[in-house]
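Protein chains: 2
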Amino acid sequence: GGGSESAHGYRAEGKASYYGSRHHGRRTASGERFDQHALTAAHRTLPFGTRVKVTNLNNDRTVVVRINDRGPHTRGRIIDLSHEAAERLGMLRAGVALVRVETID
Amino acid sequence: GGGSESAHGYRAEGKASYYGSRHHGRRTASGERFDQHALTAAHRTLPFGTRVKVTNLNNDRTVVVRINDRGPHTRGRIIDLSHEAAERLGMLRAGVALVRVETID
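One line per chain: the protein sequences are Z and S, in this order.
Just so we're aligned: 100 in our numbering is position 100 of the first sequence, and the numbers increase by one with no gaps anywhere.
Just so we're aligned: 1009 in our numbering is position 9 of the second sequence, and the numbers increase by one with no gaps anywhere.
Simulated from the structure, these hints should not be mistaken for laboratory data.
Backbone N, C-alpha and C fix where the C-beta goes; we use that ideal spot for every residue, glycine too.
If a hint is listed, it holds; no wrong ones were tucked in.
Restraint-style ranges between C-beta atoms, simulated for each label pair: (1) A12/Z / R1027/S: 24 to 34 Å; (2) H1037/S / E32/Z: 25 to 35 Å; (3) D105/Z / R1061/S: 43 to 53 Å.
Can you build the whole structure from these sequences, using the hints too?
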């Protein structure tokens, strides 16, 4: 997706989880194949291609990811991160972390 | 599932992948809630409750897991492991590993 359809001014706080390698190589909702080593994420509404900064509110680590899939499918979660993104946020062990998600301009 | 319905003598080699935390807390096909910190796995045919030894053929590390879900849904994979099991096998980074799966008596 092109940057022209990116959302601006979105900001939310909630729980993040991450994809396992069982998805690696499968198609995402955007049509791209899922790559667990890329910095991507699933969000329910943001346009594909939107880049968001995700902050782990437990340790203030941040990562920028590009939305290329739809989800999470679990109530109470706001974003599903790739394994690489989850690793950078230091949330692999815990599995679920409280994060802030905000679009970047 | 009880041990009385366990399969005996099953042995296969193929690729393993693992679940992400996006599944944590969701229902598995066996009715149990998925717990990424438990030693469990998804297999297409083995009865729920079957315990199998999984060997990472790249490094000879092993782990015993209990089948409590159905999958993998991706061609060419024979088992989906919990995050804890994948960590013990040293396959988190690679994501997919060649493994041997065998029932234990």
